[in-house]
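**Student:** Could you build all of it, start to finish, from the sequences and the hints given here?
Chains as they are written, first to last, in my numbering: chain A, 1 to 391; chain B, 1 to 391.
No wet-lab data here; the hints were simulated from the structure.
Treat each hint with caution, since some may be false.
Identical chains share a label here; the pair holds if one copy fits it or two copies do between them.
[Unchecked claim] Distance condition first, Cα-Cα at most 30 Å in a straight line; then the derived BS3-like pairs of lysine-lysine:
(1) Lys324 - Lys60
(2) Lys352 - Lys155
(3) Lys361 - Lys230
(4) Lys316 - Lys352
(5) Lys230 - Lys30
(6) Lys113 - Lys32
Number of protein chains: 2
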Amino acid sequence: MLNFSFYSPTEFVFGKDTELQVGTLLKYYKAKKVLIHYGSGSIKRSGLFDRVVQTLEEEKIEFVELGGVVPNPRDTLVYEGIELCKAEGVDFILAVGGGSAIDSAKAIALGVKYKGDFWDFYDNKAVPKTALNLGVVLTIPAAGSEGSGSTVITKTDGMLKRGLFTRHVRPVFAIVNPELTYTLPRYQTAAGVVDMMSHIFERYLTRTQDVILTDRLAEAALVSIIEAAKVVMKEPTNYEARATICWAGTIAHNGSLGVGRQDDWSTHGLEHELSALYDVTHGAGLAVMFPAFMRYTVDVDVQRYRRLAVKVFGIKDKPKKPMKVALAGIDALEAFFKEIGMPTSFEEVGAKKEDIDILLKKLEINRGSTFGAFKELTLEDARKIYELACK
Amino acid sequence: MLNFSFYSPTEFVFGKDTELQVGTLLKYYKAKKVLIHYGSGSIKRSGLFDRVVQTLEEEKIEFVELGGVVPNPRDTLVYEGIELCKAEGVDFILAVGGGSAIDSAKAIALGVKYKGDFWDFYDNKAVPKTALNLGVVLTIPAAGSEGSGSTVITKTDGMLKRGLFTRHVRPVFAIVNPELTYTLPRYQTAAGVVDMMSHIFERYLTRTQDVILTDRLAEAALVSIIEAAKVVMKEPTNYEARATICWAGTIAHNGSLGVGRQDDWSTHGLEHELSALYDVTHGAGLAVMFPAFMRYTVDVDVQRYRRLAVKVFGIKDKPKKPMKVALAGIDALEAFFKEIGMPTSFEEVGAKKEDIDILLKKLEINRGSTFGAFKELTLEDARKIYELACK
Chain A
1 MLNFSFYSPT EFVFGKDTEL QVGTLLKYYK AKKVLIHYGS GSIKRSGLFD RVVQTLEEEK
61 IEFVELGGVV PNPRDTLVYE GIELCKAEGV DFILAVGGGS AIDSAKAIAL GVKYKGDFWD
121 FYDNKAVPKT ALNLGVVLTI PAAGSEGSGS TVITKTDGML KRGLFTRHVR PVFAIVNPEL
181 TYTLPRYQTA AGVVDMMSHI FERYLTRTQD VILTDRLAEA ALVSIIEAAK VVMKEPTNYE
241 ARATICWAGT IAHNGSLGVG RQDDWSTHGL EHELSALYDV THGAGLAVMF PAFMRYTVDV
301 DVQRYRRLAV KVFGIKDKPK KPMKVALAGI DALEAFFKEI GMPTSFEEVG AKKEDIDILL
361 KKLEINRGST FGAFKELTLE DARKIYELAC K
Chain B
1 MLNFSFYSPT EFVFGKDTEL QVGTLLKYYK AKKVLIHYGS GSIKRSGLFD RVVQTLEEEK
61 IEFVELGGVV PNPRDTLVYE GIELCKAEGV DFILAVGGGS AIDSAKAIAL GVKYKGDFWD
121 FYDNKAVPKT ALNLGVVLTI PAAGSEGSGS TVITKTDGML KRGLFTRHVR PVFAIVNPEL
181 TYTLPRYQTA AGVVDMMSHI FERYLTRTQD VILTDRLAEA ALVSIIEAAK VVMKEPTNYE
241 ARATICWAGT IAHNGSLGVG RQDDWSTHGL EHELSALYDV THGAGLAVMF PAFMRYTVDV
301 DVQRYRRLAV KVFGIKDKPK KPMKVALAGI DALEAFFKEI GMPTSFEEVG AKKEDIDILL
361 KKLEINRGST FGAFKELTLE DARKIYELAC K
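**Tutor:** Quick look at the structure:
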């Protein structure tokens, strides 16, 4: 087991009607003027925006609002948010939405407290030292951004998609009401499921041996996500299944399922170029890339893939035929993705084999000529994985 | 699933040589003058105290010290610590030790910031609103106090043992180096194992249905603890097994394995009277009480006990004979406690059947005439459980 630091200071407030606590929480965390940051108008149509605003008014907390966050959130709106916060004296950012709204809010929270260009942080030119406090009302379980120190922003000029990890953007609170996810489109629910499973895979696929407790916790979460996803595809208003997905999505990315081991993140790297070039939903892009990545790396540690197959996908173990078991597990994963309506090939997301050179060029800019930890991938490896995903 | 709040803000710094980071962490958390609080002189003999002090000196952080914490820590030392902190202008408390040192440090941290008698908090006469910041260097994995909001103090006058839960005493950081636990006596290692397993049982034994993710996470931890405990009994310096026990002990009590359900704590209640009256090690007392409690409550939810038996103790499932499976699981738990050298009867800890009336009288003072959630226990139920533990 490697040395590690685990730090997840966010206060998670989980359950029915918990969005009604947002005013009280903001007051507890001493918010005076809040930026409410969100994506489309769906939170207004659903009445969520009004419910949230009412709790702020009850606590006499002022606010301004900025909507319009898009999937794969852009730098342009971040700049707008930073200016707005500075002009209005905002001291707390409240993201209402999914990973995109939260990631955009994190970038604004960093930018308000920084004299230079916030993109410096995403471009590795500066390291964040502080940020405005940030709270979340989650509406899409997927990115785990409500409990993570991660934020991913796309620079419109060149469509560069860059991630950043810093303790300073971990939300001080995150409100998660599974009922708010009842009305998510099937595709978005499924993409969220793939996203959170991927966060666990990026940690599970490790070269670090002997972290059996972390393995078991990760398997417990994966099994529960798969089981619950199958339920919500049939019963979108099944509270227990929605709740399982919501909480699993949070712990999948708050660090608790990865302690003590080197994590990987190469599949996220491969996928980021897909979603940047084609504006593919992140989870859908991961559904395309993960089976390909796994097949390409199965011989790196066949026993690990065998364990995954047996413990998570219920494949019958054959200790003398570990590769067979391992590959059956990957097949089962792909079949599960298809079952919940996710794409598993380039074609299904509008990606083209002819564009692979472009993907590789941008991958090199964003990740360098080699990347990854489970297997150190060269650009040639990346090409082969993209080709595998073409089918 | 019930609504819940999960809040575990502690920064856990885990692994080899991590105690050398204590000075840096104290500086990060703005400590100016520190009380180092500990138990016996073993941290001085082992050199740990000097290593810790050196890192404080390197950061030019002043400190005073107060040793002498005993198992089942007493109010008398807490009063002494509060006076010392006030006299010396201490602004940060560093506990170096196990649950007793940490719990005592928590009481001091509360008392320094309170005008009245700190015991008010433990006596339900006042609710904590703030506390001094607190850090931990853990030497005994057991109580999980390094990551919890719990503290248990014994009032010497009347030997009243009382627990308190408040967010204000969650440590800001906790350093956990599994190597520091290599030299723990076997008995103390085993008692710690029982303690952390009990923290999970108190959450696992619930009437709340449909929290399957939490069930699976709890089972993952239990299986890992049992496996690792068997290893360390034979190889006290097995790093991976020690690390598993250390991390499992932390997550067993930081709340992560209990979300979304009503927890119980009646066995802790029953045990507190044992350890208060006979000064029994808490973990050893729990090893005596848990099999008795489980046998007494097996019919409350035989399917839950059956699941525990199958998933954690590897008992062969017989869906048509759930009680048989359930009882076999409890037998396996008791056998495991014996295997690691723990007592499982009154006699082995010097407790006497004749004293049950005294235990019940104190239980009534501390818990009232009924308590517990898995099964609401009357004092008559408590008597029968104590009698079961007499064998």
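**Student:** Taking the hints in turn, state whether each one holds.
**Tutor:** Quick rundown of the hints versus the structure:
no.	hint	result
1	Lys324 - Lys60	neither (62 Å within a copy, 60 Å between copies)
2	Lys352 - Lys155	within (22 Å within a copy, 73 Å between copies)
3	Lys361 - Lys230	neither (38 Å within a copy, 52 Å between copies)
4	Lys316 - Lys352	neither (36 Å within a copy, 52 Å between copies)
5	Lys230 - Lys30	neither (41 Å within a copy, 49 Å between copies)
6	Lys113 - Lys32	both (16 Å within a copy, 26 Å between copies)
Figure legend: structure checked against the earlier numbered hints; hints not met, in rising order: 1, 3, 4, 5.
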